[in-house]
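Protein chains: 2
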Amino acid sequence: MSYCTATYRIYDPKADFERKAQSIAIGMTVGTWTELPQIKQEEMRRHLGRVERIQVHEPETGSETERYADVSISYPDVNFTRDLPALLITVFGKISMDGKIKLLDLEFSDSFLSAFPGPKFGLDGVRDLLGVKGRPLLMSIFKSVVGYDLNGLKEQFLAQALGGVDLIKDDEILFENPLTPIDQRVRVCREAAEEAERVTGKKLLYATNLTGPTSKLKEQALRAIDAGASALLFSVLPYGFDVLHELSSDPDITVPIAAHPSLAGALYPSPHYGIAASLLLGKLMRIAGADLVLFPSPYGSVVMPREENLAIRRELTAEGLPQRASFPVPSAGIHPGLVPRILDDFGTDVVVNAGGGIHGHPGGASAGGRAFLQAIDAAMNGVSLEQASASLPELKAALDLWGGQR
Amino acid sequence: MSYCTATYRIYDPKADFERKAQSIAIGMTVGTWTELPQIKQEEMRRHLGRVERIQVHEPETGSETERYADVSISYPDVNFTRDLPALLITVFGKISMDGKIKLLDLEFSDSFLSAFPGPKFGLDGVRDLLGVKGRPLLMSIFKSVVGYDLNGLKEQFLAQALGGVDLIKDDEILFENPLTPIDQRVRVCREAAEEAERVTGKKLLYATNLTGPTSKLKEQALRAIDAGASALLFSVLPYGFDVLHELSSDPDITVPIAAHPSLAGALYPSPHYGIAASLLLGKLMRIAGADLVLFPSPYGSVVMPREENLAIRRELTAEGLPQRASFPVPSAGIHPGLVPRILDDFGTDVVVNAGGGIHGHPGGASAGGRAFLQAIDAAMNGVSLEQASASLPELKAALDLWGGQR
Numbered sequence: 001m002s003y004c005t006a007t008y009r010i011y012d013p014k015a016d017f018e019r020k021a022q023s024i025a026i027g028m029t030v031g032t033w034t035e036l037p038q039i040k041q042e043e044m045r046r047h048l049g050r051v052e053r054i055q056v057h058e059p060e061t062g063s064e065t066e067r068y069a070d071v072s073i074s075y076p077d078v079n080f081t082r083d084l085p086a087l088l089i090t091v092f093g094k095i096s097m098d099g100k101i102k103l104l105d106l107e108f109s110d111s112f113l114s115a116f117p118g119p120k121f122g123l124d125g126v127r128d129l130l131g132v133k134g135r136p137l138l139m140s141i142f143k144s145v146v147g148y149d150l151n152g153l154k155e156q157f158l159a160q161a162l163g164g165v166d167l168i169k170d171d172e173i174l175f176e177n178p179l180t181p182i183d184q185r186v187r188v189c190r191e192a193a194e195e196a197e198r199v200t201g202k203k204l205l206y207a208t209n210l211t212g213p214t215s216k217l218k219e220q221a222l223r224a225i226d227a228g229a230s231a232l233l234f235s236v237l238p239y240g241f242d243v244l245h246e247l248s249s250d251p252d253i254t255v256p257i258a259a260h261p262s263l264a265g266a267l268y269p270s271p272h273y274g275i276a277a278s279l280l281l282g283k284l285m286r287i288a289g290a291d292l293v294l295f296p297s298p299y300g301s302v303v304m305p306r307e308e309n310l311a312i313r314r315e316l317t318a319e320g321l322p323q324r325a326s327f328p329v330p331s332a333g334i335h336p337g338l339v340p341r342i343l344d345d346f347g348t349d350v351v352v353n354a355g356g357g358i359h360g361h362p363g364g365a366s367a368g369g370r371a372f373l374q375a376i377d378a379a380m381n382g383v384s385l386e387q388a389s390a391s392l393p394e395l396k397a398a399l400d401l402w403g404g405q406r
Numbered sequence: 001m002s003y004c005t006a007t008y009r010i011y012d013p014k015a016d017f018e019r020k021a022q023s024i025a026i027g028m029t030v031g032t033w034t035e036l037p038q039i040k041q042e043e044m045r046r047h048l049g050r051v052e053r054i055q056v057h058e059p060e061t062g063s064e065t066e067r068y069a070d071v072s073i074s075y076p077d078v079n080f081t082r083d084l085p086a087l088l089i090t091v092f093g094k095i096s097m098d099g100k101i102k103l104l105d106l107e108f109s110d111s112f113l114s115a116f117p118g119p120k121f122g123l124d125g126v127r128d129l130l131g132v133k134g135r136p137l138l139m140s141i142f143k144s145v146v147g148y149d150l151n152g153l154k155e156q157f158l159a160q161a162l163g164g165v166d167l168i169k170d171d172e173i174l175f176e177n178p179l180t181p182i183d184q185r186v187r188v189c190r191e192a193a194e195e196a197e198r199v200t201g202k203k204l205l206y207a208t209n210l211t212g213p214t215s216k217l218k219e220q221a222l223r224a225i226d227a228g229a230s231a232l233l234f235s236v237l238p239y240g241f242d243v244l245h246e247l248s249s250d251p252d253i254t255v256p257i258a259a260h261p262s263l264a265g266a267l268y269p270s271p272h273y274g275i276a277a278s279l280l281l282g283k284l285m286r287i288a289g290a291d292l293v294l295f296p297s298p299y300g301s302v303v304m305p306r307e308e309n310l311a312i313r314r315e316l317t318a319e320g321l322p323q324r325a326s327f328p329v330p331s332a333g334i335h336p337g338l339v340p341r342i343l344d345d346f347g348t349d350v351v352v353n354a355g356g357g358i359h360g361h362p363g364g365a366s367a368g369g370r371a372f373l374q375a376i377d378a379a380m381n382g383v384s385l386e387q388a389s390a391s392l393p394e395l396k397a398a399l400d401l402w403g404g405q406r
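The listed protein sequences correspond, in order, to chains D and E. Residue numbers for the first sequence follow our numbering, so the first one is 1 and each next one is one higher. Residue numbers for the second sequence follow our numbering, so the first one is 1 and each next one is one higher.
Hint data in this document are derived by calculation from the structure and do not stem from the laboratory. Hints are supplied without guarantee of correctness; some may be wrong.
[What the hints assert, rightly or not] Derived BS3-like pairs (lysine-lysine); straight-line CA-CA distance at most 27 angstroms:
hint, chain 1, residue 1, chain 2, residue 2
1, D, K143, E, K218
2, E, K202, E, K396
3, E, K216, D, K216
4, D, K100, E, K100
5, D, K40, E, K154
6, E, K154, E, K216
7, D, K218, E, K218
8, D, K100, E, K143
9, D, K40, E, K218
10, E, K216, D, K120
11, D, K216, E, K218
[What the hints assert, rightly or not] Quick partial rundown of chain D residues pointing at chain E, CB under 7 angstroms, derived from the structure:
hint, residue
12, M44
13, S72
14, P213
15, D242
16, L263
17, G274
It should be emphasised that the depicted structure is a prediction, and the values quoted were computed from it without experimental measurement. Using N, Cα and C, we set each Cβ at its ideal position, and we do this for glycine too.
Whenever a hint applies, use it, and build me the whole structure from the sequences.
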């Protein structure tokens, strides 16, 4: 018998959590139990959910904190098929609507996990493609290019590429449009990448945004790959984890997939409802096959608490899962002065991802990229940015504008 | 120029909401505005978002209510493709992660709406299939049938069908399994439906649960339809609205689709985050093509406030949209004594949907169905249930057990 286990945080001022847990374990599996005749119980036992742990947090008298319990329940694999919609429907479908309840974590059986090849490249594979080891990667984000034509797009791409960045990603709000359709967009950006490569001597991945009807996503991905796409950007949540899983496990999709957290804020930030960030943007993204995973950094204006960031990182990279590790990409509000702090928080296996911090550099986007690389180099060598910037005008300009660590 | 408009509730104790709204309207479209040269502004104006309305709710001094604003922003259709993922990514992708913000409503342009045929049958079409006008429909839900074989399933189906229900739906946690694979399940339930029809003289739709990998859903639906399925049950949210849209607009899918709200509780209940129930389970389900939409009733243990229920009903049935109306199916906690209240709240265009209220009837599931039909008949004729039950033993037994209106 193998089981997948879900852990919930359930808020209730008075509930008997033991009873509540039992009612979930029974209600979401065999429906009824004590009413069943003995012989039927024998038959149904292999389908019955099991309460694993209950940890009740009683608020101190007079305190304003709420009473809750963390409850873990195991669901027999035999009850559901080995796909993420079936698992999510089983463990959180109906009970997501049953009062204040948040899904904190899932532990999967080996049998369930065996259906998920996970990231095709993963953290190490992306490093191999770029030939970069031992330092954080640098990604830059297109500024809004809605309404741009191919020339405008190419120009912006080239400016970023010449700064020496490792990856460039589309804006996730750039959809198929007559000015920059995906195959032509990929073609001109590839040309620009090659042009830049001749100058910088560096390889570069361009994650082009995969959009449109669900049933056409594979076709569109193949069109992009045919045109020379070296990576894909995909907003997973509006389509569901299963679509990412199907794309990433498809042998014809031969490039890394970067998962965008679009819509995630509808699901993770409430303490009472939804799905914890570490599960939503960590473990589930990795199992579904994202090679890189973007999530809101704790540094910028779109903020996620630092401990949630670190929990996501842990889920994306921890050993213990058969799936390759995914590259963590904390995003938003990143400027060169933050690089030492990012290294402290994430270590070297992180993608430093910047938009405004590259485009807003007083010397332009290329200087912006160089300032980041200088910051990364200094931080990796234990040199303070202030000290390093004395001989590095791009880094100095960035620190002057945005300051050091905040 | 045509636009789709999103309305958000944004909580902030001090924000300048005018400025915040402008920053969303610009940030989620052209990226920057005031910095653009005049000539570039002319070029980009057609891509620029527009602040439509801002309604600030200032809490009274000393009150504990929070300060918030309802903000409406229009996004030019030219910026996104005519699919729901593109729209959701545009209006809520990134800003869902930007503090306390909830998406309350969307208004669509005629151009956007024209890409969505909506429900193939809708409320009237489902009535036509059943030949039932002018009264609420009655749906019964399989009790958990995880672990059942075909005989057990058929037996339970027949008991429900003989009670005269109009629709029977699978449990949403019944996935493909060796005991009751979809085509065989449909075949035996169809036989049972025909058997019951010979007794009751009534037609019956059976919504079989559509599950599994996204790319195989259509194939599985066709297998079910080939085997004689008369309707499909589909958990929309784990797969995304676009998958429902693609299934419902496919000419080969020739039966109604009932949308299950599985996972919806991760999205709608928080006041601060997520997507309002009326949009999530109302307007979006209708536009994406659900013929029937289940949602938690305000009557049972899985509770949604009555006003949210009525808002869902409004969105599913209101005139003003080109899409057919969807049948509202408030679910959970329904017993015959509640029928007059359901009629008061929803009118006759509602599906009375019961699980325990049918299976738990002292006379069994068939008697349970009859008790509901008796309650519907009495309520439609303005007769009190108490009075009607004097000559109707099934209704009387139900009222004795569960009481009248709560």
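How the hints compare with the structure:
1. D/K143 to E/K218: Violated - the C-alpha atoms of E/K218 and D/K143 are around 38 angstroms apart, more than 27 angstroms.
2. E/K202 to E/K396: holds (23 angstroms)
3. E/K216 to D/K216: Between E/K216 and D/K216 the Cα gap is close to 14 angstroms, so the pair holds against 27 angstroms.
4. D/K100 to E/K100: holds (18 angstroms)
5. D/K40 to E/K154: holds (17 angstroms)
6. E/K154 to E/K216: Measuring from Cα to Cα gives roughly 26 angstroms; hence the hint holds.
7. D/K218 to E/K218: holds (16 angstroms)
8. D/K100 to E/K143: holds (25 angstroms)
9. D/K40 to E/K218: The hint is violated at about 35 angstroms.
10. E/K216 to D/K120: With a Cα-Cα distance of about 22 angstroms, the restraint between E/K216 and D/K120 holds, given a limit of 27 angstroms.
11. D/K216 to E/K218: holds (14 angstroms)
12. M44: Holds, because the Cβ-Cβ distance from D/M44 to chain E comes to roughly 5 angstroms (cut-off 7 angstroms).
13. S72: Violated, because the Cβ-Cβ distance from D/S72 to chain E comes to roughly 18 angstroms (cut-off 7 angstroms).
14. P213: D/P213 check passes; min Cβ-Cβ to chain E is 6 angstroms, inside 7 angstroms.
15. D242: Since the shortest Cβ distance to chain E is 5 angstroms, the answer is holds.
16. L263: With a closest approach of 5 angstroms, the D/L263 hint holds.
17. G274: Since the shortest Cβ distance to chain E is 5 angstroms, the answer is holds.
Going through the hint list in order, the structure does not satisfy hints 1, 9 and 13.
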